[in-house]
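Modelling step: build the complete structure from the supplied sequences, incorporating the hints.
Residues per chain are reported as follows:
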Amino acid sequence: MSEDDANYDDFMMSDEEDMGVIEMEDETEDEAVNGIEDETEDKDEGLLEEGGEARYEIGRSDKCEKHNEQFLALQFEIAQSCADEQDFIRAREVYHNVLQYAQKNDNLVEESFKSITEILRSRSMEVHYSKISEEMCDFILHDFTAFVDFTNENYERIRSDVFQETVSVLLADLFPNLNREFLFAVESIDQYSLLLKMKLQMKCLQLFDDNFNRRRISLHAVNFGKISATIWHDRLEKGIIDQRSLSELQALCGHEDSTSRIDTICLILQCYICNFIENKRCCPETWTKYVDEFESMTASSISVSQRLGSMIQLHLSKAIIILNRINSRERGINTQEFHHEVQTLKSEFWECLQHIEEIGGSKQNFTTAYEKFILTGFTFTSMILHLKTENKINPFDLEQIKIAYNVPIVIVLRKIYDNFTALNLVGLYNSIQRLERLKNNFEGVIETIYHLAQLIKLWTKIAPVYSCLSFTDVQNLLKLDDTRCMTRDELLTILMKSIMNDNADLFYKLNLTKDLVYFGDENKVQLSMYPKESFKLNQKDTRDLEFANNIGIFDNPKSLKNLTLPEFFDSLQSSRDNVQSMNRNHEQQQENLTLATSVSTASVASQHSTGFQPTHMRYSHKYNELSELLQVKLGL
Amino acid sequence: MLKHFHGATYIERVHHLILNENSPQDSKQQCATDAVSYLQDIGFTKSPYWDILVSTSGMHNVKECEEQAVGEALAIQKAIAHKYTEAISTLEALNVSPLKYYEYLEKIVRLLVLAKNYKGLEELDYRLNALPANYDSMRPEEIQALRRLKLIICSSFYLRGGYFSCCKSFFKLLDSDADVLRILSEEQPDPFITNGEVILMITISTILAIPFDNYDDFLHLQHLEEHKQIFSRLIDCLKLLINTSFGRFLDLWNEEFDKQCKQSMFLSQRWSSAKYMMRCKIYFFYLRISNKVEISYLSRTLHIEVELIEREIEHLIKSAHLNFELNGDLVTYSPKHYLQDVAPRLKKNQELLEKKLEVRRLRNQQLKDVVQEMIVKNNEQRVEKDSTTNESLIYHASRYRSSTDNMDLDEINDISDPESGTFEIGN
Chain A
1 MSEDDANYDD FMMSDEEDMG VIEMEDETED EAVNGIEDET EDKDEGLLEE GGEARYEIGR
61 SDKCEKHNEQ FLALQFEIAQ SCADEQDFIR AREVYHNVLQ YAQKNDNLVE ESFKSITEIL
121 RSRSMEVHYS KISEEMCDFI LHDFTAFVDF TNENYERIRS DVFQETVSVL LADLFPNLNR
181 EFLFAVESID QYSLLLKMKL QMKCLQLFDD NFNRRRISLH AVNFGKISAT IWHDRLEKGI
241 IDQRSLSELQ ALCGHEDSTS RIDTICLILQ CYICNFIENK RCCPETWTKY VDEFESMTAS
301 SISVSQRLGS MIQLHLSKAI IILNRINSRE RGINTQEFHH EVQTLKSEFW ECLQHIEEIG
361 GSKQNFTTAY EKFILTGFTF TSMILHLKTE NKINPFDLEQ IKIAYNVPIV IVLRKIYDNF
421 TALNLVGLYN SIQRLERLKN NFEGVIETIY HLAQLIKLWT KIAPVYSCLS FTDVQNLLKL
481 DDTRCMTRDE LLTILMKSIM NDNADLFYKL NLTKDLVYFG DENKVQLSMY PKESFKLNQK
541 DTRDLEFANN IGIFDNPKSL KNLTLPEFFD SLQSSRDNVQ SMNRNHEQQQ ENLTLATSVS
601 TASVASQHST GFQPTHMRYS HKYNELSELL QVKLGL
Chain B
1 MLKHFHGATY IERVHHLILN ENSPQDSKQQ CATDAVSYLQ DIGFTKSPYW DILVSTSGMH
61 NVKECEEQAV GEALAIQKAI AHKYTEAIST LEALNVSPLK YYEYLEKIVR LLVLAKNYKG
121 LEELDYRLNA LPANYDSMRP EEIQALRRLK LIICSSFYLR GGYFSCCKSF FKLLDSDADV
181 LRILSEEQPD PFITNGEVIL MITISTILAI PFDNYDDFLH LQHLEEHKQI FSRLIDCLKL
241 LINTSFGRFL DLWNEEFDKQ CKQSMFLSQR WSSAKYMMRC KIYFFYLRIS NKVEISYLSR
301 TLHIEVELIE REIEHLIKSA HLNFELNGDL VTYSPKHYLQ DVAPRLKKNQ ELLEKKLEVR
361 RLRNQQLKDV VQEMIVKNNE QRVEKDSTTN ESLIYHASRY RSSTDNMDLD EINDISDPES
421 GTFEIGN
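Read top to bottom, the protein sequences are chains A and B. All letters in the first sequence, in the order written, are residues 1 to 636 by full-length UniProt numbering. All letters in the second sequence, in the order written, are residues 1 to 427 by full-length UniProt numbering.
Since the hints were made in silico from the structure, they are not lab data. Every residue gets a Cβ at the ideal spot worked out from N, C-alpha and C, and that includes glycine. There may be inaccurate statements among the hints.
Pair ranges (Cβ atoms, derived) [claimed, not checked]:
no., chain 1, residue 1, chain 2, residue 2, range
1, B, D177, A, C485, 43 to 53 Å
2, B, E305, A, S574, 36 to 46 Å
3, B, Q29, A, C485, 30 to 40 Å
4, A, S193, B, H223, 51 to 61 Å
Listed next, the in silico SDA-like pairs over lysine to any residue satisfying Cα-Cα at most 20 Å (straight line) [stated by the list, open to error]:
no., chain 1, residue 1, chain 2, residue 2
5, B, K239, A, N562
6, B, K239, A, L565
7, A, K561, B, I235
8, B, K347, A, E625
9, A, K203, A, D149
10, B, K172, A, Q573
11, B, K172, B, E123
12, A, K289, A, I322
Now the structure itself:
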């Protein structure tokens, strides 16, 4: 207790000294202000002196308590009007006097509490109207310490409902939620003052928590404020958000009412978005839970959906989730599912593009990291879909992007896009390298783009033109860069997979002894001399047909995409049982419409040699049998 | 080891373990000893494996016994003795509560599988499909039994080499009743085909039966995505195959799969044919895309010995009548005309026919000569006889008639010549 007292005295002393200095400044300032203010000034000072005298009087005699109350109420009113006129120094002076007076009278705890709270509130208002400085931070910390010490000491004597109410209002004033700032868009914020604020917030709330935690007063606002201050602090200082603070935040999300829940969820989303864009930190599965919740919130409540930045946060989050999935999956670029996923991703990025302006970014110059991220994502997805969509709109013709025609990032992306559509692989690789850090976010997507470009080039620019090429020539034609040459195995894999995936537009044959590849329809040859009937008719041993089917001698390569499980097996079964080669033209046309990885040349039958069987061949094994029979008869 | 199995399953598994050359000697002995005492405990040692069990266990003077049993215990005894038909009829003679119908049926199915009576299994499967069970009114034990029953039927397709039917019926079952998978992750009290074995059978069957071109489609089917952990190995394998990493796939196939399949008394029944089939599938894929390929190249990429590849490719080309030729190390595409094999044979037939025709022509010529000669002779005789009596003229006339009669007879004989090929072919 004695130590506290000493501290308090110190504080009072120093405060008075400070005030003296400021008062001088004030007076010089005041002289410059107009007459009306001067009047109130005088009045204030008069009252103040009066108060000073009164203080002693009341101190001595208990009779005039009523007078006291009136006096204090007047003092508060005066201070309030000073504060209203943004004369915070004067206001604080009054409050300090009241505080001193009230502390002399032990029964005036409520007044002391009120004045000490008001001091802090005037600070917060001052911060609100002027730029924060380190000096000011020190003052606030000082005052806040005083507040905490006082309330801690007199806790039992303050009504708990008053306490709760006052504290939450005070904290909300001092440390408001950052609804206009976004973790992933810090470029446009005054980072220095925000950092100061956050440091202060961390210190103050920690102090508060340390003192009141043992009294089991744990306010949501305190916890949330503490964590969000830490997160912002980390974001501004280190550029990355700690997993630890994130899990604390998520733990907090468990129990709270709906309004503050939105704040928490927004912050969680921002954390993940920021970590992904800035540091390519992948997001865990749990994240989707929050995104889903947020989505349903925005869908059900206009106030949430109208909240600043909520739409861009939502769409950005959804885009990142899909992007993550695409980045991590193995390349199955022919599946309908993949196509669909890229399509959704593209529309999410498109939504983001449209909402960029909302959060104050983009004066159409795409300079911040998140804007670049969105634009790149939109361009890349347009590229992947380029050949599959009917109306090929160049994304750079869109109004939103066209306006920033000469912005560096747009120039780079346009170059990438042009190289891709022209199938200039080396150019594509080099221009993508210029994306630098952004590349990391799109690793899987970029690989898909390379792969797609190679595939399209192989089947549209190489295969139709050459009839025979050596592997090394093809490798050279498909290389991305001297450092990224396609290996022989990779080329073989591409060729083989094209057959398997049914996207080889032309027939080809390999000469694996000389490493040559032949393209062209003349390579559509029959592999088995005997028709499928010969296996089927072999009644003695049905296993032969089973064997031929399993090995795939008579397989008609056909795509069985987007079927349900029973359909898949039924169609396999029918192609196993079916003896005649099917006419695939109809089926194929449908396929081309839906997936068409490659351009219109796909109409060249992609059905491979195995299924090919001219009608007169159907009985070739019969001719043999007949002639054999005849020979036996004749030989007798 | 193997102690969690019971009855005939147990004895069969012990026997398989003893026969498996890869199992360590001490575990063989241990298992044999356990099995011997198990048989003694149930009071029935008339197993066909009794001698081998006793000799492996290293025990001496083991007491044989054959206690009279009734009901289910008798069925177990019969099954141990490999008298499956009797075991089944013993079971069938039992009075079964309708509440335990499927549990009872499961026992019969096990015996059918052990007896390799696939015909019976087929009939049973047909009956089960014809009368769909109503799960709502069944006891949970019964539902589980029915599911196990269906899984055993799926597995039985593998056992008789119907890989496609195996995976098809399994995945269709999965589609209609997703809870089947729960059985595959639960411990069974009295296991027959273990969960691991069922999953392995399905994995092998799927890899074998689905065409290369459709692996990717299969991987993206809804159900597979949902049950990744159960099919993790299948997915891994398919991914390797899709990426045409045949070598790495075959390494996995020949090591991990091989070890597990050889250990299992069920999987081992088909494993060597499955392995052969998979190799052929991969060879054929290479043949499909190439004009020329060296055996040594395949051997390098697929990690298979040259001799084996050579032998198997040769057999594959021959048995499937592929348009490929094997010349030393080189497999070349060599298109044959579809009449190529027929042509030489037709030529030979032509020669044969010509030979026959020649023979025929000669005979005809001879016949003509004979006839000509006769006519000439007749004329001469008539001129001679004209100058003689009228009676003799009548005589001659009758003689002439009889000689034409004879000729007719000869011609008929000629036509019905049993050697005549044309006649028969005309038929």
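Hints, one by one, checked against the model:
no., hint, verdict
1, D177(B) <-> C485(A): 43 to 53 Å, "holds (51 Å)"
2, E305(B) <-> S574(A): 36 to 46 Å, "holds (38 Å)"
3, Q29(B) <-> C485(A): 30 to 40 Å, "violated (59 Å)"
4, S193(A) <-> H223(B): 51 to 61 Å, "holds (56 Å)"
5, K239(B) <-> N562(A), "holds (19 Å)"
6, K239(B) <-> L565(A), "holds (19 Å)"
7, K561(A) <-> I235(B), "holds (17 Å)"
8, K347(B) <-> E625(A), "holds (15 Å)"
9, K203(A) <-> D149(A), "holds (15 Å)"
10, K172(B) <-> Q573(A), "holds (12 Å)"
11, K172(B) <-> E123(B), "holds (19 Å)"
12, K289(A) <-> I322(A), "holds (14 Å)"
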